[in-house]
Amino acid sequence: MVDIFTLALTHGLMAFAAWRLIQRDELDEEGEGQPRSRWLKKRAPTSPAERDG
Amino acid sequence: MLKDLFLLGFIGLLLLLGLKRPFIWVLAYIYIDIVAPQKIGWGLIQSFQLSLITFVAAFAGWLLLDSKYGSRFTFRQGLILVLLAWCGMTTLGAEFQDSAWAKWDWVWKALIFAAFLPLTLRTKLRIEAAVTFVVLAVGTIAINGGIKTVFGGGGYGELRLLVDENSGMYEGSIISTVAIATIPLALWVARHTSIFPRHWTTWAFTAGLVFACLLIPVGTSARTGLICILVLGVLLLRSVRYRFLYAGAASLAMMAAVPFLPQSYVERMETIVGFRGDQSASTRLVVWQWTIDYAKEHPLGGGFDAYRANSFTYNTVVTSGEGPMRRVEYREVTETARAYHSSYFELLGEQGYFGLAIWLLLQGLGVWHMESLRRRFRRRDGDNRSWQWGLATALQQAHLVYLVGAVFVGIAYQPFLFMLVGLQCALWSYVQRVEGREWRAKLAPRSRPVPSTA
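Protein chains in written order, with the numbering used here: chain A, 1 to 53; chain B, 1001 to 1454.
Same shape as in the complex, but just chain A (with noise of 0.2 Å):
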C-alpha cells in the first residue's frame, strides 16, 4: 500500500514535470538577452516561447 502510494504520488510529479518541460522551448533554446530580473519580465513583452507555455 505504502509502495504503490509513494510510486504513484512521485511518479505522477515527475510525469507532470516531464510534460510541462516538453512544452517550453526555453528547454531546448535559450533567448539572447532576455531581462533578467523577474521585475523586468513582467514588463517587457512577452515572447512566443512564453506565451505557449
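Rather than coming from a laboratory, the hints here were simulated on the basis of the structure. Remember, it's a predicted structure, so these values are computed and weren't measured experimentally. Fair warning: there could be bad hints in the mix.
[Unchecked claim] When the alpha-carbon atoms are kept at most 20 Å apart in a straight line, the in silico DMTMM-like pairs for lysine to aspartate or glutamate are as follows: (1) B:K1003 <-> B:E1267; (2) B:K1068 <-> A:E30; (3) B:K1003 <-> A:E29; (4) B:K1124 <-> A:D25; (5) B:K1124 <-> B:D1381; (6) B:K1039 <-> A:E26; (7) B:K1124 <-> A:D28; (8) B:K1068 <-> A:E29; (9) B:K1068 <-> B:E1171; (10) B:K1068 <-> A:D25; (11) B:K1103 <-> B:E1171; (12) B:K1124 <-> B:D1066; (13) B:K1039 <-> B:E1165; (14) B:K1124 <-> A:E29; (15) B:K1003 <-> A:E26; (16) B:K1124 <-> A:E26; (17) B:K1068 <-> A:E26; (18) B:K1020 <-> A:D3; (19) B:K1003 <-> A:D3; (20) B:K1124 <-> B:E1438; (21) B:K1039 <-> B:D1105; (22) B:K1109 <-> B:D1098; (23) B:K1124 <-> A:E30; (24) B:K1068 <-> A:D28; (25) B:K1003 <-> A:D25; (26) B:K1020 <-> A:E29.
Got chain A sorted already, so can you dock chain B onto it with the hints?
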C-alpha cells in the same frame, strides 16, 4: 504485476515525450539510475535492459537530434575520463578478476554518464529539470522509507525500501547519506522551481520530503546518517538568511524529536561515542590500516574489490554458563574479505595513490568551484536570492554531506555522487558561458557604441 505495468508505462511515457524533446531521455536515465525500477518490479520489467535503452536514447538523442550550442567540455569532465581510464587499467590487472569486472560493469556507466551529463545541460531549465528529477527519484525511496519508519518498520538492516535487497541505493547507510545530501537540493527546487507552481502545495510536498529524508537514518539505524544530519545542520548555518531563528528552531526540533526516537535507534547511536567496544567500528580501523599497508605494496592499486585479499585474526571473548558455572573463553577468530567501509580507503586500495589523487582532485575542485560561484553571485547581487547562488550552495552542501558520509561507507563510485559532479560541471560551465557573455556585453558599449534598434 500491476507495479510492473505502472513502471513500464511511466518509462514508456518518458521515452515517448522524448520524441518531442530528446532531453527527456536524459531525465529518464537519471530516474532509472537512481530508482532502479527493474528491481522494484517482479517479472516483466526485469526482462528489459532499461538502463541500457535509456542511456543509448539519451546519448543518441544528444548526438543526433540536439543542438550542441553551449555544450562545453570542462576540466573536471576530463578528470572523470582520466579516472575512468585508470579504473579500466587497474581492472585489467585486478587481483580478483571476476568481482572486479562485475564492479567495472556499473562503475564505467556512472563515470561516462557524469562526463556526458554536463554536455546536455546547456540551459537553465535543463539544469533545473535534472535537479528536480534527482530530487524526485531519491524522494521515491526516501518517502517510502519515511512512511514505513513512522509506522514502525525500521531497524538496522530491517527497513524494507521498495525492493527486497539491501544493495546499491537501497542499502541502509548509502540511502541515509544520499537522502540527507538531497535535502538542500529539494529546498532549492522548492524555492526556484519554474516547473511546478510556486505555491504552498510545492512547499508542503518539500517539507514532507525533507522530513522523510531525515527519517531515513532513523529507519535504517545507520550511524553515518546521523553524522550527515549534523554536518548538514552546521552547513546550513552558513547559508540560511536568519541564522539565529534557524539555530533556535533546529535545536527545538531536535529536542522535540528525541522522545519519539525508537529505543533501538538511541542505543545504536550511543555506540558512536564508545566505538572501541563496537566490532563494526573497530574492524573498520583494522581494515583501514590494512589498506594503507596494501597500498605500499601495490602503489598502483589492486583493482576493484581488492579488499578480498585481507584477513584478520583476533581474539573474541565468549562467555557461557550462569553463576559459578560461568566460563570466559578467548577464541581466535579469523575474518576474511572485510569491505573498506570508507570511500577514501576504497579508492586507495583499488586505484592506488594516483586514482585516489584524481578522485580527490575531482571532488575538491567541485567544492571550490561552488564556493567561487557563491562568492561571485553574492558580489554581483549583494544578496543570496539568485538561482545560481542557491544552486551552487545546494550542490556544495549536498557534496560535502556526501563526502563526510563517504568516510564511513564505500560509496566512491555511486552514480548519485557522479550526478552531483555532473551538475556542478554543468552549472560551472553555464555560468562561465552566460555570465561571461553578459559581462562582455556590459563592457562593449563603452568601447564601441552599438546603434540603438529600438
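Note to self: Which constraints among the numbered hints does this structure fail? Numbers only, ascending.
What the structure shows: 1, 3, 6, 9, 15, 18, 25
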